[in-house]
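Asks: Listed below are the residues making up each chain.
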Amino acid sequence: MPAPSSTTTPIVSLEHVTLRYEHGVTALDDVSVSIAEGERICVLGPNGSGKSTLASVVCGLLAPDEGAVQLVGHEVFGERGIDFEAYRQARRQLGLVFQNPDDQIVTSVVEEDVAFGPENLGVPSEQIGPRVERELHRVALDRYAKADPSRLSGGQKQRVAIAGALAMEPRVLVLDEPGALLDVRGRRGIMHVMDKLQAAGTTIVHVTHFMEEALAADRVLVLSKGRLVLQGTPREVFAHGDELSALGLEEPFTARLSEALRDRGVCVPWTIDEGELAEAIASLATHASKADAARITESRAAAPNQDAPAVLADGLCYSYGATDGREERHPALDHVSFAIPARSTAAIVGQTGSGKSTLLRLLCALEGPDAGRLVVSGIETSNRRQRRLLHGRVGYVMQHPERQLFAETVWEDVAYGPGNMHLDAAEVERRCREALALVGLTGREQSSPFHLSGGLQRLCALAGILAMEPTILVLDEPTAGLDPHGRAQLRQILDRISDHGVTVVQVTHSMDDAALADQVIVLNEGTLLMQGAPYEVFAPTTEQALRDSGLGLPEALSWALRLAAQGMHVGTPLTLETLADALQAACEGGAHGL
Amino acid sequence: MAFRISLGRYVPANSALHRLDPRTKLICGLALMVSVFFIRTPLQLAFGWVVALALVALSKVPAGKVLASLRPVIVVLLALSVFNLLLVNTGEVLVALGPLHITSDGLWAAVNYSLRLVVAVVAATLILLTTTPTQLTDAFDALLSPLSRVGLPGHEIAMVFSLMLRFIPTIADEASAIVDAQTARGGALAEGTLIGRVRAIVPVIVALLASSLRHANGLSRALDARCYEGGTARSHWHPLQLHARDGVAVAFTCVYVAVLLVLGSL
Chain H
1 MPAPSSTTTP IVSLEHVTLR YEHGVTALDD VSVSIAEGER ICVLGPNGSG KSTLASVVCG
61 LLAPDEGAVQ LVGHEVFGER GIDFEAYRQA RRQLGLVFQN PDDQIVTSVV EEDVAFGPEN
121 LGVPSEQIGP RVERELHRVA LDRYAKADPS RLSGGQKQRV AIAGALAMEP RVLVLDEPGA
181 LLDVRGRRGI MHVMDKLQAA GTTIVHVTHF MEEALAADRV LVLSKGRLVL QGTPREVFAH
241 GDELSALGLE EPFTARLSEA LRDRGVCVPW TIDEGELAEA IASLATHASK ADAARITESR
301 AAAPNQDAPA VLADGLCYSY GATDGREERH PALDHVSFAI PARSTAAIVG QTGSGKSTLL
361 RLLCALEGPD AGRLVVSGIE TSNRRQRRLL HGRVGYVMQH PERQLFAETV WEDVAYGPGN
421 MHLDAAEVER RCREALALVG LTGREQSSPF HLSGGLQRLC ALAGILAMEP TILVLDEPTA
481 GLDPHGRAQL RQILDRISDH GVTVVQVTHS MDDAALADQV IVLNEGTLLM QGAPYEVFAP
541 TTEQALRDSG LGLPEALSWA LRLAAQGMHV GTPLTLETLA DALQAACEGG AHGL
Chain U
1 MAFRISLGRY VPANSALHRL DPRTKLICGL ALMVSVFFIR TPLQLAFGWV VALALVALSK
61 VPAGKVLASL RPVIVVLLAL SVFNLLLVNT GEVLVALGPL HITSDGLWAA VNYSLRLVVA
121 VVAATLILLT TTPTQLTDAF DALLSPLSRV GLPGHEIAMV FSLMLRFIPT IADEASAIVD
181 AQTARGGALA EGTLIGRVRA IVPVIVALLA SSLRHANGLS RALDARCYEG GTARSHWHPL
241 QLHARDGVAV AFTCVYVAVL LVLGSL
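Those protein sequence lines, which keep their order, are chains H and U. Using the numbering used here, the first residue of the first sequence is number 1, and each one after it goes up by one. Using the numbering used here, the first residue of the second sequence is number 1, and each one after it goes up by one.
Take these hints with a grain of salt, some might be off.
[As the list claims (entries may be wrong)] Calculated lysine to any residue pairs in the SDA-like style (CA-CA distance at most 20 Å, straight line):
#, chain 1, residue 1, chain 2, residue 2
1, U, K60, H, E37
2, H, K146, U, P62
3, U, K60, U, A249
4, U, K60, U, W108
5, H, K225, H, K196
6, H, K225, H, A199
7, H, K146, U, V204
8, H, K196, H, E37
9, H, K146, U, A249
10, U, K60, H, A147
11, H, K146, U, A16
12, H, K196, U, A249
13, H, K146, U, H18
14, H, K225, H, A246
15, H, K225, U, A16
16, H, K225, U, S235
17, H, K225, H, G24
18, U, K60, U, L163
19, H, K146, U, H238
20, H, K196, U, A63
21, H, K146, U, V11
22, U, K60, U, D21
23, H, K196, U, L163
24, U, K60, U, N14
25, H, K225, H, E22
It should be emphasised that the hints constitute simulated quantities derived from the structure, not laboratory data.
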């Protein structure tokens with residue numbers, strides 16, 4: 001692969017860089033990268049591929065073991081080893097934003113935090129104010145200058161962190177998975193800021209797990225096991241679909257759709273450009289739309305369920321006490337009613353502050369309702385004693401469940417839950433073994449959970465809950481922060497659990513995930529906005545209501561609506577597969593019509 | 001179970017207390033807190049309370065926020081009262097129940113010790129509520145700078161203090177999430193026998209420690225990335241500057257202490 005032809009000296013240059021961690025892990029293996037001023041680079045790779053390490057090297061926080069590194073004109077690492085003074089100088093012109101916004105904010109007033117970096121650089125007092133103002137404006141947080149960051153949403157916090165980095169006027173801004181912990185709206189906000197920065201000529205190095213985000217980059221680097229395995233324009237890189245999926249990555253939706261169509265014999269070009277694909281499809285099917293015979297609508301005949309529902313909420317209300325010194329706020333849940341049939345799957349969607357997390361806490365019987373009824377698995381949750389019965393019957397997988405790990409070995413951690421249930425030792429052992437097998441952690445029983453990779457830690461925590469053999473499994477954004485492979489793996493495990501007859505309720509940011517559930521519950525500001533089967537909730541008629549509450553549609557449906565706007569009706573598919581089927585039918589219909 | 005700690009969170013407002021130089025605020029506040037221990041008579045106590053309430057009014061901080069910060073110490077104050085009530089044996093015996101004697105001195109001590117401490121806690125709370133962590137750090141930094149001259153890390157101590165304030169709510173949120181998770185796994189933290197509860201706390205503490213270490217790692221990465229290198233080369237957005245109002249505050253504090261001492265000798 002040719003390096004990008006650039007006549008100017010690169011702003012960042014890594015030559016044959018190798019970096020090993022203490023426990024013998026080679027995080028970077030002979031990586032050579034050269035980045036030109038003003039370039040927007042996107043770094044992709046599965047968990048553990050060395051992406052974060054690369055980000056740390058590029059922003060001058062980690063020195064390699066071998067190779068040569070040149071950052072913003074400073075030879076920081078070379079044959080003579082580490083040049084600390086050069087590193088210090090280079091770092092002053094390099095900015096970093098990483099995953100967890102909480103860890104990056106050092107004070108409790110937004111504008112003070114943005115000023116922290118410039119203060120460290122010794123910027124004269126009178127210049128700091130204008131910088132703070134300018135950067136807060138750039139990330140659209142002017143109104144929040146005096147706010148307490150801990151009261152902001154994740155996306156807003158992350159924008160504070162970006163403003164804080166930008167106020168230092170870095171020549172290169174490194175963003176290490178800035179959207180990993182954010183919802184769709186938060187991620188969109190970050191992408192928007194990046195577009196602006198790119199236009200302003202800032203060099204950007206963006207590490208991400210979201211393939212869609214790579215499309216806006218000038219150049220994409222793909223890392224695997226510490227090696228740079230692919231690089232080129234997004235189009236060039238995503239053309240290697242098979243290689244990417246072998247690495248546990250996936251292509252952007254457009255690329256997957258064009259591939260699915262080509263697999264079905266529909267003659268469209270392979271592309272990652274939405275407009276190009278839409279045009280190609282439209283030109284193939286101009287005549288098909290009238291026939292409309294090919295309309296495929298996602299509808300699953302719900303099997304009549306005779307059992308008592310797993311969850312029954314009737315006029316459910318809950319509010320956090322206003323006596324704790326916080327401002328008075330509207331109730332977290334306000335007269336919410338719904339039922340989730342036993343052995344089905346349900347997705348709860350809603351943006352930050354919609355009451356999702358509160359609803360989960362109530363479902364898990366961690367709290368009782370203020371008013372209204374909530375019956376879980378036949379048990380009223382208004383009574384504390386009754387609620388206790390549910391701990392164990394309802395499995396609760398909190399957000400970032402790996403944070404609940406505590407024991408010395410995987411086995412002990414998984415056995416904690418069943419151990420609390422007064423089962424005999426043989427039964428505990430059987431459950432642990434089955435749970436570990438279910439998540440694919442057999443053989444790792446004696447490892448320390450803290451030594452597992454992030455993805456495996458999450459599976460270990462999940463096993464700890466499955467070992468209690470819950471009849472209802474409640475998950476709070478189980479795929480947040482995982483790479484595509486991890487996400488797919490988790491979805492598979494949840495499918496298997498669901499097949500075992502467990503009711504699975506999950507809060508999710510992903511409308512595509514929600515579309516796969518039997519039932520979707522949409523919350524907005526503590527009230528129930530909608531509920532029903534995915535095809536009822538995600539429909540052309542509900543689009544506006546969903547957008548108004550900060551949500552969107554599944555990718556496939558957005559596509560279908562876009563095509564419909566161009567006069568091509570393919571119904572309301574919710575998944576890539578049904579969309580591709582519908583398009584195939586439409587295009588063949590069109591071919592016949594010719 | 002949710003830990004909703006609002007301890008010492010800065011409340012933005014534009015009051016005389018907010019505008020005061022943080023160094024002045026710290027020194028006057030400290031004087032106020034120490035002076036509390038000279039309160040012995042009801043007159044002094046009343047005076048201390050009047051001044052404390054006046055300060056709350058002056059700060060424009062909602063009284064609810066001040067009360068919320070007081071809540072955690074109420075248990076301690078009550079315990080203190082009970083001890084005083086039962087253990088002080090001088091003075092006139094008011095009630096005698098077997099070996100227990102409640103005396104007039106004990107009763108006064110029970111009232112006075114708790115109520116005067118409230119004055120001190122209010123003073124401390126007001127400093128935290130009206131001063132941003134950055135200002136606090138700067139003030140500590142300035143006041144601890146004599147330490148730096150003898151080689152002690154004055155600035156760093158100030159920074160650590162400020163970061164601690166910043167992370168209290170984060171860690172508290174995390175603690176409540178972990179308690180939730182372990183409770184759902186049958187670890188009975190909030191009920192059951194004492195031994196059961198103690199056993200149940202281990203999975204929470206260990207997980208929370210691991211979590212705090214993760215934060216520490218992240219934070220150190222952030223501090224490096226933002227070129228934090230200690231206090232030497234830093235500039236300040238709002239450099240500390242003493243104004244006439246700071247002189248007024250110091251004068252008021254001196255007058256207050258003097259009046260308090262005079263009241264005590266009446």
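Asks: Now, for every hint given, state plainly whether the structure supports it.
Replies: Hints, one by one, checked against the model:
1. Only pairs whose Cα atoms come within 20 Å are accepted, and U:K60 paired with H:E37 is rejected, the gap being roughly 50 Å.
2. This hinted pair checks out: H:K146 and U:P62 have alpha carbons roughly 17 Å apart, not beyond 20 Å.
3. Between U:K60 and U:A249 the CA atoms are separated by roughly 17 Å; this keeps the pair inside 20 Å, and the hint holds.
4. Distance restraint check for U:K60 and U:W108: the Cα-Cα separation of roughly 32 Å exceeds the 20 Å cut-off, and the hinted pair is therefore not satisfied.
5. A C-alpha spacing of about 32 Å is found between H:K225 and H:K196, which places the hinted pair above 20 Å, so the restraint is violated.
6. Simply put, H:K225 and H:A199 have alpha-carbon atoms about 33 Å apart, too far for the 20 Å limit, and the pair is violated.
7. At roughly 34 Å between alpha-carbon atoms, H:K146 and U:V204 are farther apart than 20 Å, so this suggested pair is violated.
8. Taken as a hint, the H:K196 and H:E37 pair is honoured in the structure, with Cα atoms around 16 Å apart against an allowance of 20 Å.
9. Of the supplied pair hints, the one linking H:K146 and U:A249 is violated, its CA atoms being roughly 26 Å apart against a limit of 20 Å.
10. Between U:K60 and H:A147 the CA atoms are separated by roughly 17 Å; this keeps the pair inside 20 Å, and the hint holds.
11. For the hint pairing H:K146 with U:A16, the CA-to-CA distance comes to about 18 Å; that is within 20 Å, so the pair holds.
12. Taking the CA atoms of H:K196 and U:A249, the gap is near 48 Å; set against the 20 Å cutoff, the hint is violated.
13. The hinted pair formed by H:K146 and U:H18 meets the criterion: a straight-line CA distance of about 14 Å does not exceed 20 Å.
14. Straight-line distance between C-alpha atoms of H:K225 and H:A246 comes to about 13 Å, which keeps the hinted pair within the 20 Å bound.
15. With a C-alpha separation of about 59 Å, the suggested pair H:K225 and U:A16 falls outside the 20 Å cut-off, and the hint is violated.
16. Pair hint H:K225 plus U:S235 does not hold up; C-alpha atoms about 42 Å apart against a cutoff of 20 Å.
17. About 13 Å separates the Cα atoms of H:K225 and H:G24, which keeps this hinted pair within 20 Å; it holds.
18. In summary, the hint linking U:K60 to U:L163 is not supported, as the alpha carbons are separated by about 25 Å, beyond the 20 Å threshold.
19. Straight-line distance between C-alpha atoms of H:K146 and U:H238 comes to about 15 Å, which keeps the hinted pair within the 20 Å bound.
20. At roughly 44 Å between alpha-carbon atoms, H:K196 and U:A63 are farther apart than 20 Å, so this suggested pair is violated.
21. A C-alpha spacing of about 10 Å is found between H:K146 and U:V11, which places the hinted pair at or below 20 Å, so the restraint holds.
22. Proximity of U:K60 to U:D21 is assessed by CA-CA distance (about 17 Å); at most 20 Å being required, the pair is judged to hold.
23. Taking the CA atoms of H:K196 and U:L163, the gap is near 32 Å; set against the 20 Å cutoff, the hint is violated.
24. Among the hinted pairs, U:K60 with U:N14 is consistent with the structure: their alpha-carbon atoms are about 8 Å apart, no more than 20 Å.
25. Restraint check for H:K225 and H:E22: the C-alpha separation of about 16 Å stays at or below 20 Å, so the hint holds.
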